[in-house]
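S.K.: Chains A and B, in that order, give the protein sequences. As numbered in my numbering, residues 1 to 304 make up the first sequence, in order. As numbered in my numbering, residues 1 to 304 make up the second sequence, in order.
I should point out that these hints are in silico values taken from the structure, not numbers from a laboratory. Positions of the beta carbon are idealized from the N, C-alpha and C atoms, including for glycine. Some clues are possibly wrong.
Said to hold, decoys possible - Partial pick of chain B residues on the chain A-facing surface, computed with a CB cut under 8 Å:
no., residue
1, G32
2, D46
3, V60
4, N63
5, M66
6, A69
7, L94
8, L126
9, G128
10, E249
Stated by the list, open to error - Have a look at the derived ranges for each label pair, beta carbon to beta carbon:
no., chain 1, residue 1, chain 2, residue 2, range
11, A, E14, B, S231, 52 to 62 Å
12, B, G180, A, P135, 18 to 28 Å
13, A, G296, B, L276, 35 to 45 Å
Unchecked claim - Below, a list of computed lysine to any residue pairs in the SDA-like style, where the Cα atoms sit at most 25 Å apart:
no., chain 1, residue 1, chain 2, residue 2
14, B, K59, B, G22
15, A, K153, B, K59
16, A, K59, B, D102
17, B, K267, A, P11
There are 2 protein chains.
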Amino acid sequence: MKKSRTDPLPPEDELVARLTRGLPSSARTHIGPGDDCAIIRIPGADLLQLFKADAMVEKVHFNRAMSPAAVGRKALARAVSDIASMGGSPCEALITLVLPADLPFSWVEALYAGLSQAAVLWGVGLAGGETSSAPPGAPVVISIALTGEVREKDAVLRCGAAEGDCLVVTGQLGNSFASGWHLNFTPRLREAQWLVQHYPPTAMMDLSDGLARDLPRLAAAGKVGWELDLSSLPLREGATPAQALTDGEDYELLFTLPEARWAGLAKAWPGAFRGLPLSRIGRITPAGHRQPELSGGWDHFAPG
Amino acid sequence: MKKSRTDPLPPEDELVARLTRGLPSSARTHIGPGDDCAIIRIPGADLLQLFKADAMVEKVHFNRAMSPAAVGRKALARAVSDIASMGGSPCEALITLVLPADLPFSWVEALYAGLSQAAVLWGVGLAGGETSSAPPGAPVVISIALTGEVREKDAVLRCGAAEGDCLVVTGQLGNSFASGWHLNFTPRLREAQWLVQHYPPTAMMDLSDGLARDLPRLAAAGKVGWELDLSSLPLREGATPAQALTDGEDYELLFTLPEARWAGLAKAWPGAFRGLPLSRIGRITPAGHRQPELSGGWDHFAPG
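For reference, chain A alone in the conformation it holds in the complex:
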């Protein structure tokens, strides 16, 4: 393929920033592009609406050697993880499939079986969708649109971290591909809902592209810096600290909360979520103080 050298796609964060600058917004839009989900204020509704789209592309996010049921489950899990990271609950999903003409129907049926089982598990209604053909050989695309709901006082944004807050992560990081975690993880829905009730985070997001890429996003949103204690990173079996930073697809919660609340949280957590690590991995500093500087992580549009 000829590559357009003079006009290439920029790195993912820059691409999104340039495309979403100055987009027309609706009066109902409480939070637009830039967080894990959009937040919409629906007239009369008891709760705020969360709205998320997520796509998985064959040969980028999955391949045909993987179980199609697991691929379907993961497609929904990724979107549910974003709803969770705002403190919300998922509601209804629409499933869009782009199917090359040479795809066996049994593959699509198994994908839907995985989607359906996952939907039941996480309380999602599958309200419809769309299928389109694609030329033979084109990658399969699975695009999910998911709504959610959250009480206004419970909604947690990326931007709320304050200087001195401690930086906390659920579960373990790194080695998500070799371990199979990337395909069979469970979104931290119950954990996030428990947190917003008992120890409300000041900021929260889910870790999808690796801590090295996602922490700077959380810091940029809050106009703060960080001090990360690399020795405290919770490593998945077989993962090095470098992999915990950059492998991506951890789907754990990264959140901040006031220093004074950490001791209480650390004490209450094991009673609520036995066996699931909760790790304090650093603290929030003033903007410009970044220790260590971070780079790497997953960039969709990085030169290959």
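With the hints as your guide, set chain B onto chain A.
M.R.: Structure of chain B alone, referenced to chain A:
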């Protein structure tokens, strides 16, 4: 490409029917898969929520020779047309793009410019989205998730046609590709909203795959038949009656209303929408009475 002869994708309607059978639903879901949009009843909300996903795939729905701004406009217009066909108004959209690595950034910027202009035109807020890379040479995919709202008493479903109702279509049919209509049409948003206020249709849908494919869908939803007067089809310049039936991408409203209301509608219409034809093209009959039998129209998964 090797084609899977023993397990091929079935035709589009059968594919969707088989995939959406028995899907888990949410208690809030008023209308699930099978209509132009899903309808969700949000607790406390003043209005019902409409929810639609639509995708356009390069080499199937568009190509790089077309203006990317026009492609972006069309992507949103198609989803708005579905919201219109339920009698609703569009609210917020999420834009998902799958971008092969060899795509020039200027193409994506122009696409977004077209999307933004269209969003302003039809009162849609662009609340965010998702971008993913794809292997070089993969088709660009544009997937739109769009919410809308409609008063419960105004919502028009596909299934409400009754024996004796007359069958009506807005605008002109056929030749949508050569004429450029498929790319620059305006969704019948104002027309549909006027209809639900003044002459509520008993059933309505938008014509995207051609009357020959879409009328049987409306009839099947209502468990009725049809008598179509082929000599009354409103033909776009250059279109034959056969093309008006099967070309597709007309994006006009197909609706039914009680016979007794037709005269009043036909009289009031030109004052509301000067220059836009409104044609009575037949009537609804008992199930099993189909005159003429219809076949053809656009099928995404038809053997090529």
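S.K.: Grab the minimum C-beta distance from L94(B) to chain A and call the hint holds if it beats 8 Å, violated otherwise.
M.R.: holds, 4 Å
S.K.: Double-check A69(B) for me: the hint is only fine if its C-beta lies closer than 8 Å to a C-beta in chain A.
M.R.: Since chain A brings no Cβ nearer than about 14 Å to A69(B), farther than 8 Å, the hint is violated.
S.K.: Holds or violated: V60(B) as interface residue toward chain A, Cβ cutoff 8 Å?
M.R.: holds, 6 Å
S.K.: Please work out if K59(A) and D102(B) have their alpha carbons no farther apart than 25 Å.
M.R.: holds, 15 Å
S.K.: Holds or violated: is the Cβ of D46(B) closer than 8 Å to a Cβ in chain A?
M.R.: holds, 4 Å
S.K.: Within 35 to 45 Å or not, the Cβ separation of G296(A) and L276(B)?
M.R.: violated, 57 Å
S.K.: Is the interface hint satisfied for M66(B)? The criterion is a beta-carbon contact with chain A at less than 8 Å.
M.R.: violated, 17 Å
S.K.: Would the pair K59(B) and G22(B) pass a check requiring their Cα atoms to be no farther apart than 25 Å?
M.R.: violated, 33 Å
S.K.: Is 18 to 28 Å right for how far apart the beta carbons of G180(B) and P135(A) are?
M.R.: Given a distance of about 24 Å, which is inside 18 to 28 Å, the answer is holds.
S.K.: For the pair supplied as a hint, K267(B) and P11(A), confirm whether the alpha-carbon distance does not exceed 25 Å.
M.R.: violated, 57 Å
S.K.: Quick check: does the Cβ-Cβ distance between E14(A) and S231(B) fall within 52 to 62 Å?
M.R.: holds, 58 Å
S.K.: Under 8 Å is the threshold here; is the Cβ of E249(B) close enough to any Cβ of chain A for the hint to stand?
M.R.: For E249(B), the interface hint is violated, since the closest Cβ of chain A sits about 14 Å away, which is over 8 Å.
The structure does not agree with the numbered hints 4, 5, 6, 10, 13, 14, 15, 17 stated previously, though it agrees with the rest.
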